[in-house]
Amino acid sequence: MDERVRRDYWRRNLRLMAVLLAVWALVAFGAGIFFADLLNNIEVIGIPLGFWFANQGSILVFLGLIAVYVWRMDKLDKEYGIDEYEEEVHVD
Amino acid sequence: MTDIQLWTLVFVVLTFGVYIYVAYASRVSTTSGFYVAGGGIPAPANGAAIAADWMSAASFISMAGLIALAYNGYSGAAYLMGWTGGYVLLALLLAPYLRKFGKFTIPDFVGDRYNESARLIAVVCAVVVSLTYVVGQMAGVGVVFSRFLSVDTSVGVLIGMAIVFFYAVLGGMKGITWTQVCQYSVLIVAYLIPAVAVSTKITGIPMPQIGFGQILDELEALQAQLGFGEYTAALTGSDQFNMFLLTATLMFGTAGLPHVIVRFYTAKNVRAARYSALWALFFIALLYTTAPTVAAFAKFNILSESQAGNLADQSWFATWADVSLITGVDGGPVRDLNGNGAIEFTGGAGNEVMINNDILVLASPEIGGLPAPIVGLVAAGALAAALSTASGLLLVISSAVANDVYHKRINRQATQQRQLVVARIAMAVAVLVAGYLGINPPGFAAQVVALAFGLAAASFFPALVLGIFWKKCTAAGAAAGMATGLAVTAAYFIWTLPEDSAWFFLGNDPILGIAPVGFGFIGMVVNFVVTVVVSQFTRKPSAQMQELVEEVRYPGRTELVAAHARGEIAD
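Chains as they are written, first to last, in our numbering: chain A, 2 to 93; chain B, 670 to 1240.
Everything labelled a hint here was simulated from the structure, so no lab data went into it.
Wrong hints could be hidden among the right ones.
As the list claims (entries may be wrong) - Result set (DSSO-like, lysine-lysine): computed pairs, CA atoms no more than 30 Å apart in a straight line: (1) A:K79 <-> B:K1140; (2) B:K1140 <-> B:K1209; (3) B:K1140 <-> A:K76; (4) B:K1209 <-> B:K1141.
Just chain A, same shape as in the assembly (with noise of 0.2 Å):
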């Protein structure tokens, strides 16, 4: 892979990283934390949202989150022809 198409490769990988990193925080600190006394006024399944998000909704999306992840580097790997993977275990 020549330079050009390696930085690339990387400035998308950085961009996709950001994306899931500001929903990881936006969910775990704001929806669970920060804003939960707010979200606690909605019910839904007789759980306030807040109180739900900090307990199970935050780790649903965490998981979605690195599907995600997961699913668009499989693509982009194959975008960029990558599909021989490292595979060696290294011994000095």
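Place chain B on chain A using the hints.
Structure of chain B alone, referenced to chain A:
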């Protein structure tokens, strides 16, 4: 022997037999097999192994109790979010790149990317963090044995040591990994069956994650009647800020714990490392979304019984009072203080009972009125959780000693056989030390475990992330950052240790009201700042090292990484 003891014995013997068989079938004879299972574990299996490795006695036995009793509901979620959110960081920031780098240990990465003094700091961090952690696991094994099989706690710890000794020394990472896959299966079944049964019994909904919404209103009413604070209410002010710090510390600490990170070296390739993180969080989420429901149902049951005045008539109440995990408010036997003929559990001055956090999960099948085989299964699950985590931690200690100290620093010419002998001896010594500390835990063990996360966040996380994402991060910068982060966090922790928990004088007030358990996040920020500043003024990494870092960012095979692996590039 009671029914419960019989069933516990059946499940314990059965599961231990499986662990021993699996370990024997996957014994190893190479260093790569011993340290990283030859790097050939498929993603779902690796995910299950990570999950078992990660979910310790604390997750299985203590967490639901912490949420329901110690944290009274909402604020306990710091543990739920903290211990799962770290996997997002691991998956996105570390797993694929460390796998591409493809070494044996975390100090290995630090030593190769930076220099030998950074490697030694990393060895110290890895051993300290892992040792503090493993003590709690061994103690957990002792508690389960003494409660369910009426053997002495020390004997319980010895039995646990013997099992771990057998499969960890024989099979190294390969034996540990496949045993952990079995242990995950045992612990998740043991956790879910009682939770589903209790939810179905109380609400008619077999999915506790949905079912617990049905009882929250009633639970809230009971909490209010008995003088507890609101169960679902959010925090405000400095409590809210401390919850943020604790959550962040646990997240970044998770992403810096050596026994978890090393798992990504065992994945088959870079792609499998990404999938391992996904599988791991999936397996962990099964337990972590269930834990708060176990907490809510158990609290609901206990408060209902207290309200009805028949709490002390429950059979589980008597069994746990016998082993002093349910006591009166003064720590002595439970007494009816106000003489009204009923034992009451309340949040106010009239409280007559103290319930230990650790019994909630172990007692939940009995609290929910489930039959004896299920109680036995839960005991086996708790043992699986403790043993699997202990073995992962012991491997970190033995590989840090054998690979990073013995092979890299003392005898570079050592043959594989020689290294394996050293690794096995180190493992054996670590098992003995852990067992000794499990039987004679230091007075402030609980606080030290909390410190493990702070130290991991404040030491490893910045060094690893900057090593990958910032080519110009220098060795001096990383070493200074790790040392400062570690020192600041440990110092703040020691500064605020409660007076009665240590032999030296302490007990200072927290600065700005910052709780010591959440200080790791601040230590991490300090580490980042120090690393970046020092890196500006010290010698930049060689052009070749910068090129190597560049290559680590691509998942495909590249020549430079391969050459580095063959040892053709001088450190």
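Results for each hint:
1. A:K79 <-> B:K1140: With Cα atoms ~26 Å apart, A:K79 and B:K1140 stay inside 30 Å; holds.
2. B:K1140 <-> B:K1209: Satisfied, since the Cα-Cα distance of roughly 9 Å is no more than 30 Å.
3. B:K1140 <-> A:K76: Between B:K1140 and A:K76 the Cα gap is close to 26 Å, so the pair holds against 30 Å.
4. B:K1209 <-> B:K1141: 6 Å, holds
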